[in-house]
Amino acid sequence: MSLTSNQIETVAGLARLALKPEEIPAYTESLSRILGMISQLEQADTSGVEPMAHPLTGQVQRLRADTITSGNSREAYQRNAPQVEAGLYLVPRVIE
Amino acid sequence: MARTLAELAAGLAARKYSAVELTRDALARTERAQPQLNALISITAEWALAAAAVADQRLAGGQAGPLTGIPMIHKDIFCTEGVLTTCGSRMLSNFVSPYDATVVTKLKQAGMVMLGKANMDEFAMGSSNETSFYGPVKNPWDPTRVPGGSSGGSAAAVAARLAPLATATDTGGSIRQPAALCGVTGFKPTYGRVSRYGMIAFASSLDQAGVITVSAEDAALTLQAMAGFDPRDSTSVDVPVPDYRATLNAPLAGMKIGIVKEFFGAGLQPEIEKLVREALAALTRMGVVVKEVSLPSLPLSVPTYYVVAPAECSSNLARFDGVRFGHRCENPKDLRDLYTRSRAEGFGDEVKRRIMTGTYVLSAGYYDAYHLKAQKVRALITDEFRSAFQDVDLLLSPTSPTTAFGLGDQTSDPITMYLNDIYTIGANLAGLPALSMPCGFAGELPVGVQLIGPHFGEARLLNAAHQYQQATDWHLKTPASFAEGFA
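Quick mapping for you: the protein sequence lines, in order, are chains L and B.
For what it's worth, the working numbering labels the leading residue of the first sequence as 1, then goes sequentially.
For what it's worth, the working numbering labels the leading residue of the second sequence as 1, then goes sequentially.
The set of hints was computed from the structure by calculation and includes no laboratory data.
Please note that a few of the clues may not be correct.
[Stated by the list, open to error] Derived, one-sided and incomplete: chain B residues facing chain L with beta-carbon distance under 10 Å:
id	residue
1	Asn-94
2	Thr-190
3	Ser-205
4	Pro-299
5	Thr-304
6	Val-307
7	Gly-326
8	Thr-340
9	Ser-342
10	Lys-352
11	His-371
12	Ile-415
Note that beta-carbon positions come from the ideal geometry of N, C-alpha and C, so glycine has one too.
Take the sequences, apply the hints, and build the full model.
Put into structure tokens, the structure is as follows:
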């Protein structure tokens with residue numbers, strides 16, 4: 001399994017990671033090898049096997065009532081924000 | 001000299017020392033060891049002394065539990081209110097958590113005294129603690145070697161007897177493998193047994209919180225306080241928590257232990273195989289019956305894991321966008337630039353590799369070939385475990401194919417690094433409880449033996465490990481430079 005540097009750039013774009021051009025060859029090589037290792041899965045006969053998404057089968061995703069259970073913690077949470085103003089998170093202008 | 005958490009608790013109850021005295025001692029050991037081991041990211045001395053004073057009041061007032069006043073260390077993956085919580089990453093190097101993880105709340109309520117936060121592989125991705133933004137942890141048995149990972153700081157801290165307990169998390173072996181490499185006991189409960197609320201997510205269908213301790217009895221004591229249903233974790237399981245300590249002394253006669261054939265193949269250091277078989281022999285002298293079992297799909301657990309875990313990681317780590325918390329790049333020119341540069345600067349190399357692997361296997365056109373296929377193989381592996389547990393009570397294997405390797409030895413090749421978890425990943429894929437405990441030394445380096453149990457088989461696992469530790473003293477061995485004990 002061999003990836004191209006173009007594919008790595010596409011994947012990095014989808015993952016919102018700005019790679020430097022000089023980093024791309026090493027990721028291309030290591031991801032190709034990882035996908036090669038993963039391709040061992042082809043050996044397994046999985047016909048008729050139900051895919052498993054959760055280790056405890058039979059567990060049902062719990063739901064809760066749609067009620068308020070905690071107070072407004074906006075100020076406490078925004079103490080970790082890089083940039084806020086009037087209770088809002090600031091980002092670069094999106095609409096000109 | 002107190003050698004374990006249980007012995008320390010007895011000393012506190014007998015007023016041999018106060019919680020404040022214990023805490024001062026533990027802080028002094030921790031400060032002294034920090035330049036040698038780099039086991040912690042933060043030391044919370046002021047917080048610890050205040051908590052110890054409260055614990056002393058509880059002890060004096062007769063309101064103490066078995067953990068009250070005992071010093072401990074939290075892996076830096078657990079959110080701690082008002083304390084830096086980094087997950088070993090530059091991304092969170094400025095993050096002061098606004099709330100406590102459920103595990104943190106529960107151990108606080110039990111009166112435990114947090115000394116600080118343990119170093120770890122970045123976002124728990126690694127098997128050597130070398131991916132940490134805060135630098136590698138050194139193995140107390142040989143500081144030129146790694147402690148294992150991702151809970152390398154937790155394992156090194158307990159091995160160096162800084163504290164008798166460190167919390168840890170295990171997604172593919174991150175409690176058990178460092179416990180083996182550092183000569184301590186590491187316990188990963190059943191998936192869903194301990195709340196994941198406030199535990200920074202890596203791969204949500206695999207992550208589970210547990211403990212690193214000196215003994216299985218200490219693991220039982222702390223698991224008792226940590227386990228239980230939590231409505232704030234949607235995968236927490238509402239199953240009653242038994243009294244783990246009550247069954248520690250049950251006789252092992254007639255217990256059936258399976259030896260997994262696939263776990264004794266190529267790649268296993270011969271000295272490790274010899275010590276693991278000696279551990280088995282010690283168990284048979286207690287009346288355990290041994291049976292060989294085969295789990296033919298188990299050799300596919302590493303490739304299965306390296307689809308499932310990166311896929312879930314790519315999704316979980318999408319939240320780090322430089323907007324609401326965490327690292328933000330300087331002078332972003334637009335929103336996309338803010339996202340991509342903040343993430344590129346905030347994440348280290350291995351985290352990026354896993355995010356990209358996960359993004360690739362989930363991307364259009366590849367989903368069926370990779371993610372769906374891996375989920376099916378995961379089902380096969382889980383079924384094989386389930387059939388094995390119809391014949392045997394527990395499974396036994398080595399924890400790690402090698403002893404602690406040298407710092408830098410495996411950093412150039414991710415796949416070599418991934419294979420360190422070849423014996424531990426299966427339990428995560430199937431959600432099973434498992435532990436590693438010391439079973440001897442290969443040269444100067446500790447070796448661990450792994451026991452795996454069926455879902456919610458914690459009590460049986462702890463029982464078997466405790467009985468083994470009554471007959472042996474490998475778990476009480478300490479590195480020469482850290483031999484002073486807890487009190």
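Now the hints, each set against the structure:
1. A least Cβ separation of about 7 Å between Asn-94/B and chain L falls short of the 10 Å threshold, and the interface hint therefore holds.
2. About 8 Å separates the beta-carbon of Thr-190/B from the nearest beta-carbon of chain L, less than 10 Å, and the hint is met.
3. Of the supplied interface hints, the one on Ser-205/B holds, with its beta-carbon coming within about 6 Å of a beta-carbon of chain L, less than 10 Å.
4. The interface hint given for Pro-299/B is met, as the beta carbon of that residue sits about 8 Å from the closest beta carbon of chain L, less than 10 Å.
5. Proximity of Thr-304/B to chain L holds as hinted, the smallest CB-CB distance being about 7 Å (cut-off 10 Å).
6. The beta carbon of Val-307/B is positioned within 10 Å of a beta carbon in chain L (closest approach about 6 Å), and the interface hint is therefore held.
7. Restraint check, Gly-326/B versus chain L: the minimum CB separation of about 8 Å is within 10 Å; hint holds.
8. A cut of 10 Å between beta carbons decides the hint on Thr-340/B: the least distance to chain L is about 4 Å, and the hint holds.
9. A cut of 10 Å between beta carbons decides the hint on Ser-342/B: the least distance to chain L is about 9 Å, and the hint holds.
10. Because the beta carbon of Lys-352/B sits about 6 Å from the nearest beta carbon in chain L, less than 10 Å, this interface hint is met.
11. A distance limit of 10 Å between C-beta atoms decides the matter here; for His-371/B the minimum to chain L is near 8 Å, and the interface restraint holds.
12. Hint status for Ile-415/B: holds, given a least beta-carbon distance of 6 Å to chain L, under 10 Å.
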